[in-house]
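J.: Now for the letters of each chain:
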Amino acid sequence: MFTLQRLIAELTAFWEGEGCLIEQPYDLPVGAGTMHPATFLRVLGPEPWRCAYVQPSRRPADGRYGENPFRLGKHLQFQVVLKPSPEDVQRTYLRSLERLGVVLADHDVRFEEDNWESPTLGAWGVGWQVVMDGMEISQFTYFQQAGGIDLAPVTAEITYGLERIAMFLSKLDSVYAVMWNDTLSYGQVRRREEVELSKYDFEVADAELAQLMLDRHEREARRCLDAGLVIPAYEATLVCSHQFNVLDARGAVSATDRVGIIRRIRDLACACARAYVSGKEGQRSPASEPEPAAV
Amino acid sequence: MNTHDFLLEIRTEEIPAPALLPARLELARAAGEALAEANLAPAGIESYATLRRLALVLRGLPERQEDRSAEILGPPEASAFGKDGKPTKAAVGFARAQKIDVADLVVVDSPRGKTVAARKTIPGREAAEVLAEILPKVVGGLAFPKTMRWGEGTRAFVRPVRGVVALYDGKVVPLLLYGVSAGDRTVGHRVLSDGEFPVTGPDDYLAKLRNAYVEPDAEARRIAILERARALAGEVGGQIEAHADLAATLADLVEWPGLVRGSFAPEFLELPEEITVTVMRTHQKFLPLRGPGGLLPHFIAVMDNDADRKGFIAKGCEWVLNARLADARFFYDEDAKQTLEARLPELSRLTFQEKLGDYRQKTARIQELAEAIAREVGRPDLVETVRTAGLLSKADLVSHVVKEFTDLQGIIGGLYSRRERHPDSVWKAVYDQYRPASGSEEPPREASGAVLSLADRFDSLAGFFRLGLVPTGSKDPYGLRRAALGVVAIAIGRNWRSDWRPIVRKALSLYPAGLKGPSPDEVVDELGRFFADRLRSLLERRGSSYDEISAVLHVGVWDFADAADRARALTDARRHMDFRSLIQAFKRIRNIVGDERPGPPTPEHYREPAERALAADVLQAKQAIEGFTAAREYREAMETIASIAPSLDRFFVEVLVNCPEPELRRNRLALLASIQQEFTRLADFSEIVVEK
Numbered sequence: 001m002f003t004l005q006r007l008i009a010e011l012t013a014f015w016e017g018e019g020c021l022i023e024q025p026y027d028l029p030v031g032a033g034t035m036h037p038a039t040f041l042r043v044l045g046p047e048p049w050r051c052a053y054v055q056p057s058r059r060p061a062d063g064r065y066g067e068n069p070f071r072l073g074k075h076l077q078f079q080v081v082l083k084p085s086p087e088d089v090q091r092t093y094l095r096s097l098e099r100l101g102v103v104l105a106d107h108d109v110r111f112e113e114d115n116w117e118s119p120t121l122g123a124w125g126v127g128w129q130v131v132m133d134g135m136e137i138s139q140f141t142y143f144q145q146a147g148g149i150d151l152a153p154v155t156a157e158i159t160y161g162l163e164r165i166a167m168f169l170s171k172l173d174s175v176y177a178v179m180w181n182d183t184l185s186y187g188q189v190r191r192r193e194e195v196e197l198s199k200y201d202f203e204v205a206d207a208e209l210a211q212l213m214l215d216r217h218e219r220e221a222r223r224c225l226d227a228g229l230v231i232p233a234y235e236a237t238l239v240c241s242h243q244f245n246v247l248d249a250r251g252a253v254s255a256t257d258r259v260g261i262i263r264r265i266r267d268l269a270c271a272c273a274r275a276y277v278s279g280k281e282g283q284r285s286p287a288s289e290p291e292p293a294a295v
Numbered sequence: 001m002n003t004h005d006f007l008l009e010i011r012t013e014e015i016p017a018p019a020l021l022p023a024r025l026e027l028a029r030a031a032g033e034a035l036a037e038a039n040l041a042p043a044g045i046e047s048y049a050t051l052r053r054l055a056l057v058l059r060g061l062p063e064r065q066e067d068r069s070a071e072i073l074g075p076p077e078a079s080a081f082g083k084d085g086k087p088t089k090a091a092v093g094f095a096r097a098q099k100i101d102v103a104d105l106v107v108v109d110s111p112r113g114k115t116v117a118a119r120k121t122i123p124g125r126e127a128a129e130v131l132a133e134i135l136p137k138v139v140g141g142l143a144f145p146k147t148m149r150w151g152e153g154t155r156a157f158v159r160p161v162r163g164v165v166a167l168y169d170g171k172v173v174p175l176l177l178y179g180v181s182a183g184d185r186t187v188g189h190r191v192l193s194d195g196e197f198p199v200t201g202p203d204d205y206l207a208k209l210r211n212a213y214v215e216p217d218a219e220a221r222r223i224a225i226l227e228r229a230r231a232l233a234g235e236v237g238g239q240i241e242a243h244a245d246l247a248a249t250l251a252d253l254v255e256w257p258g259l260v261r262g263s264f265a266p267e268f269l270e271l272p273e274e275i276t277v278t279v280m281r282t283h284q285k286f287l288p289l290r291g292p293g294g295l296l297p298h299f300i301a302v303m304d305n306d307a308d309r310k311g312f313i314a315k316g317c318e319w320v321l322n323a324r325l326a327d328a329r330f331f332y333d334e335d336a337k338q339t340l341e342a343r344l345p346e347l348s349r350l351t352f353q354e355k356l357g358d359y360r361q362k363t364a365r366i367q368e369l370a371e372a373i374a375r376e377v378g379r380p381d382l383v384e385t386v387r388t389a390g391l392l393s394k395a396d397l398v399s400h401v402v403k404e405f406t407d408l409q410g411i412i413g414g415l416y417s418r419r420e421r422h423p424d425s426v427w428k429a430v431y432d433q434y435r436p437a438s439g440s441e442e443p444p445r446e447a448s449g450a451v452l453s454l455a456d457r458f459d460s461l462a463g464f465f466r467l468g469l470v471p472t473g474s475k476d477p478y479g480l481r482r483a484a485l486g487v488v489a490i491a492i493g494r495n496w497r498s499d500w501r502p503i504v505r506k507a508l509s510l511y512p513a514g515l516k517g518p519s520p521d522e523v524v525d526e527l528g529r530f531f532a533d534r535l536r537s538l539l540e541r542r543g544s545s546y547d548e549i550s551a552v553l554h555v556g557v558w559d560f561a562d563a564a565d566r567a568r569a570l571t572d573a574r575r576h577m578d579f580r581s582l583i584q585a586f587k588r589i590r591n592i593v594g595d596e597r598p599g600p601p602t603p604e605h606y607r608e609p610a611e612r613a614l615a616a617d618v619l620q621a622k623q624a625i626e627g628f629t630a631a632r633e634y635r636e637a638m639e640t641i642a643s644i645a646p647s648l649d650r651f652f653v654e655v656l657v658n659c660p661e662p663e664l665r666r667n668r669l670a671l672l673a674s675i676q677q678e679f680t681r682l683a684d685f686s687e688i689v690v691e692k
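Here the protein sequences line up with chains A and B, keeping their order.
Counting from 1, one number per residue, gives the positions in the first sequence under our numbering.
Counting from 1, one number per residue, gives the positions in the second sequence under our numbering.
Hints in this document: simulated from the structure, not taken from any laboratory.
Hints are supplied without guarantee of correctness; some may be wrong.
List time: in silico DSSO-like cross-link candidates among lysine-lysine, alpha-carbon distance up to 30 Å [stated by the list, open to error]:
no.: 1; chain 1: B; residue 1: Lys-208; chain 2: B; residue 2: Lys-171
no.: 2; chain 1: B; residue 1: Lys-120; chain 2: B; residue 2: Lys-86
no.: 3; chain 1: B; residue 1: Lys-403; chain 2: A; residue 2: Lys-199
no.: 4; chain 1: B; residue 1: Lys-587; chain 2: B; residue 2: Lys-622
no.: 5; chain 1: B; residue 1: Lys-310; chain 2: B; residue 2: Lys-285
no.: 6; chain 1: B; residue 1: Lys-146; chain 2: B; residue 2: Lys-315
no.: 7; chain 1: B; residue 1: Lys-83; chain 2: B; residue 2: Lys-99
no.: 8; chain 1: B; residue 1: Lys-315; chain 2: A; residue 2: Lys-74
no.: 9; chain 1: B; residue 1: Lys-337; chain 2: A; residue 2: Lys-74
no.: 10; chain 1: A; residue 1: Lys-74; chain 2: B; residue 2: Lys-285
no.: 11; chain 1: B; residue 1: Lys-83; chain 2: B; residue 2: Lys-120
no.: 12; chain 1: B; residue 1: Lys-310; chain 2: B; residue 2: Lys-208
no.: 13; chain 1: B; residue 1: Lys-315; chain 2: A; residue 2: Lys-171
no.: 14; chain 1: B; residue 1: Lys-120; chain 2: B; residue 2: Lys-89
no.: 15; chain 1: A; residue 1: Lys-171; chain 2: B; residue 2: Lys-403
no.: 16; chain 1: B; residue 1: Lys-403; chain 2: B; residue 2: Lys-285
no.: 17; chain 1: B; residue 1: Lys-337; chain 2: A; residue 2: Lys-199
no.: 18; chain 1: B; residue 1: Lys-337; chain 2: B; residue 2: Lys-403
no.: 19; chain 1: A; residue 1: Lys-199; chain 2: A; residue 2: Lys-74
no.: 20; chain 1: A; residue 1: Lys-74; chain 2: A; residue 2: Lys-171
no.: 21; chain 1: A; residue 1: Lys-171; chain 2: B; residue 2: Lys-622
no.: 22; chain 1: A; residue 1: Lys-171; chain 2: B; residue 2: Lys-285
no.: 23; chain 1: A; residue 1: Lys-74; chain 2: B; residue 2: Lys-403
Using the sequences and the hints given, assemble the complete structure.
T.: This is the structure in structure tokens:
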């Protein structure tokens with residue numbers, strides 16, 4: 001039987017075989033796998049980097065109380081980053097679909113223009129959405145800029161929408177009907193979470209608290225940057241970004257505020273990126289980190 | 001000289017469809033230009049494009065450039081030869097450097113005087129060598145809306161370059177494009193063809209591509225799509241809607257167009273057709289099908305595949321479409337829980353423009369302006385209607401359906417207004433507020449819709465111009481040209497005669513006074529020029545010539561409908577009457593009168609018979625013209641003006657304007673000035689170009 005966990009295992013094994021380090025999901029709420037430091041920070045600078053991981057991604061405004069069969073306030077992304085982008089990257093991606101049992105000649109696979117921009121991260125890229133038989137299953141992006149910094153070498157980022165692909169492969173028309181493993185469905189595992197998180201995000205969340213958290217974490221990020229701590233500064237930035245999304249879903253962001261908040265978060269992200277690349281060269285490459293001493 | 005064919009193929013990852021046609025045309029044009037400059041002209045140039053490759057074919061390209069002779073200047077004659085006529089060291093050295101015998105040096109006249117020169121024949125270079133030099137520049141010069149970098153990030157093109165073929169006379173031309181060396185191998189369809197294969201030249205290439213499931217010719221792909229689509233539609237008793245743009249776009253999204261027909265759940269036919277069609281056409285790029293009784297629950301999708309072997313593709317498309325329509329219905333039903341009016345507070349969270357405020361404020365301005373326009377065009381009876389339509393006009397921007405399907409703005413507001421039982425004149429006004437849209441000339445159906453559309457457009461134009469955000473060059477991010485063209489088209493279409501400046505001033509007065517930017521007077525001037533340019537393009541499309549339009553706009557822009565009438569009258573009149581001598585006469589009057597202000601003529605001072613005759617004719621014509629102008633019979637008015645041409649001609653032959661007697665001279669100037677003043681109220685005839 002086709003299951004979500006099988007899908008994750010296959011993709012992990014495939015990209016492991018392509019020389020990717022398998023990272024773990026970041027332990028803070030984020031809107032997309034791109035925000036994981038393994039993407040946002042590692043795409044900066046010249047060091048080669050190949051990495052893959054699952055990232056639960058929260059978008060409070062997309063929540064639908066567990067009622068809409070396609071939309072989720074929290075979904076799973078399978079993220080792959082390859083720096084520099086390899087020559088055969090499209091072919092490799094298509095082979096990953098074959099690994100999932102897709103016979104390409106039986107389907108209609110397209111790379112349709114879809115450029116990506118994240119105003120809060122000061123990042124943008126050029127690429128496509130991969131559409132199979134009319135359904136978007138992945139996002140394919142060549143990162144041009146991150147944190148306001150022009151990138152060279154360029155990273156290819158592939159983001160698989162795991163729920164979409166699972167629905168597609170198991171030919172089901174509700175995400176909640178997808179089997180997570182042989183006995184439990186996605187709905188059994190996650191529906192309650194979707195219902196409650198939607199209710200919380202749309203009706204209950206304390207906008208004042210979110211605003212306070214945003215403001216305080218902005219200050220915290222600045223303090224960390226002053227102390228030369230890039231990772232904590234970036235984590236505080238991620239908190240700001242998530243709290244902004246909470247405020248937005250709550251309908252608590254006015255038009256004029258929106259522009260200002262986005263700029264504040266972008267300023268932080270850009271400052272983190274600059275601090276990251278201006279650190280000692282060796283600190284950016286895990287390969288040049290010293291081995292831990294033997295015990 | 002022998003000639004051979006040349007083939008260039010640049011293989012890339014998927015290029016966005018809108019970039020393909022311009023890139024293909026520019027590749028052929030720029031290559032032709034560069035080759036002509038290099039003295040290596042082919043007999044024919046073809047170019048091809050699919051989303052994964054650009055190809056250039058040069059037919060009958062000469063093997064090398066023609067030899068050419070050149071003269072290389074050396075030292076002056078005086079220092080090249082001694083008094084004895086023997087060559088000096090300077091001459092010998094020059095000859096040696098030029099690798100010719102010193103005896104073969106010649107003396108020529110140059111800008112430096114008599115100078116020694118070496119005459120040489122420069123042999124033409126091989127075609128392959130020239131191509132290797134110019135093609136990287138030609139390809140590098142292709143302009144794309146957006147370029148990107150990849151790999152090491154040192155090069156930029158529309159998408160990563162993955163392969164290059166360059167063959168002249170069957171041999172590889174050593175080219176390097178974007179870090180990729182040219183070879184003789186290409187690939188076919190991504191999925192239907194396996195691996196690389198070699199090609200020998202253009203014809204072999206085109207044939208082998210077609211065998212490998214790649215149709216290189218966009219027009220062939222487009223026609224195949226339309227033919228197959230018609231057949232598939234016929235099988236279910238439907239027709240595809242003629243939509244040339246979509247078929248052309250679809251043709252550029254695939255290398256090998258195959259078609260499938262699918263169905264969606266008939267219950268979705270209950271949704272407003274506007275939504276269903278938009279979901280199919282805009283979001284899924286499916287062709288909707290229409291039967292005698294309306295929309296059918298079928299669609300046609302184009303796939304990049306020759307066949308739907310297992311039926312997966314049609315099923316997938318159906319599945320996605322049904323999901324999308326279910327989503328649309330959810331949004332549509334959800335929207336029904338709140339009236340448009342109840343959504344108004346939410347508009348204050350939607351920015352119109354950072355400095356110009358939000359949509360709640362825009363809504364209020366539109367209401368004021370719509371009322372002013374209704375009164376201005378003599379329809380005070382519409383005031384209440386357009387105020388209501390104005391109030392509702394932007395509320396759909398915060399509806400679920402428009403957030404999801406943005407191109408349905410206005411239409412959704414109209415449908416919801418109808419659902420909320422607003423009268424026809426209101427809901428149709430909301431529905432049509434963005435008409436005429438780009439790519440269609442369809443104006444708002446009702447007068448109320450025309451007023452609302454004008455109010456929205458004047459408000460945007462006044463606001464952006466007030467901030468100095470005037471479109472320049474090809475950049476028009478706020479769509480202001482389209483907005484202004486719409487204003488002009490509506491005013492003309494409705495024949496609403498008005499000097500629109502008071503409306504512009506009213507629109508400006510509705511914005512906060514403290515905005516930084518040009519003053520209201522400057523905005524009116526700037527907008528006058530902007531509208532004149534829109535009028536110009538519209539009138540040119542309607543058959544008036546450039547100079548006729550200049551003549552008409554020279555005497556007034558701001559009443560657009562009137563300017564259009566005057567332009568048509570002038571164009572028509574010139575078709576039936578000879579205006580040449582009149583135009584010459586007015587040019588002459590303009591030159592003679594210049595900036596002088598001679599005052600009115602006095603009849604006692606007319607002395608010559610030609611003078612009196614002209615004055616009499618002018619008086620008579622003036623009365624007739626006043627009558628015609630009042631009745632807006634502009635063509636008759638212009639023909640009457642033209643009828644004084646013979647008396648004007650006679651005047652110029654028999655009367656000396658610049659005569660010695662000052663009083664006579666003043667009076668004659670005064671007569672001409674009065675003609676200029678009286679007879680150029682409809683058009684400045686001196687602006688018209690006359691072929692000699």
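J.: Run every hint past the structure and note whether it holds.
T.: Results of checking the hints against the structure:
| no. | hint | verdict |
| --- | --- | --- |
| 1 | Lys-208(B) to Lys-171(B) | holds, 17 Å |
| 2 | Lys-120(B) to Lys-86(B) | holds, 22 Å |
| 3 | Lys-403(B) to Lys-199(A) | holds, 21 Å |
| 4 | Lys-587(B) to Lys-622(B) | holds, 20 Å |
| 5 | Lys-310(B) to Lys-285(B) | holds, 22 Å |
| 6 | Lys-146(B) to Lys-315(B) | violated, 35 Å |
| 7 | Lys-83(B) to Lys-99(B) | holds, 25 Å |
| 8 | Lys-315(B) to Lys-74(A) | holds, 27 Å |
| 9 | Lys-337(B) to Lys-74(A) | holds, 26 Å |
| 10 | Lys-74(A) to Lys-285(B) | holds, 28 Å |
| 11 | Lys-83(B) to Lys-120(B) | holds, 27 Å |
| 12 | Lys-310(B) to Lys-208(B) | holds, 27 Å |
| 13 | Lys-315(B) to Lys-171(A) | holds, 9 Å |
| 14 | Lys-120(B) to Lys-89(B) | holds, 21 Å |
| 15 | Lys-171(A) to Lys-403(B) | holds, 28 Å |
| 16 | Lys-403(B) to Lys-285(B) | holds, 19 Å |
| 17 | Lys-337(B) to Lys-199(A) | holds, 19 Å |
| 18 | Lys-337(B) to Lys-403(B) | holds, 16 Å |
| 19 | Lys-199(A) to Lys-74(A) | holds, 13 Å |
| 20 | Lys-74(A) to Lys-171(A) | holds, 21 Å |
| 21 | Lys-171(A) to Lys-622(B) | violated, 83 Å |
| 22 | Lys-171(A) to Lys-285(B) | holds, 22 Å |
| 23 | Lys-74(A) to Lys-403(B) | holds, 20 Å |
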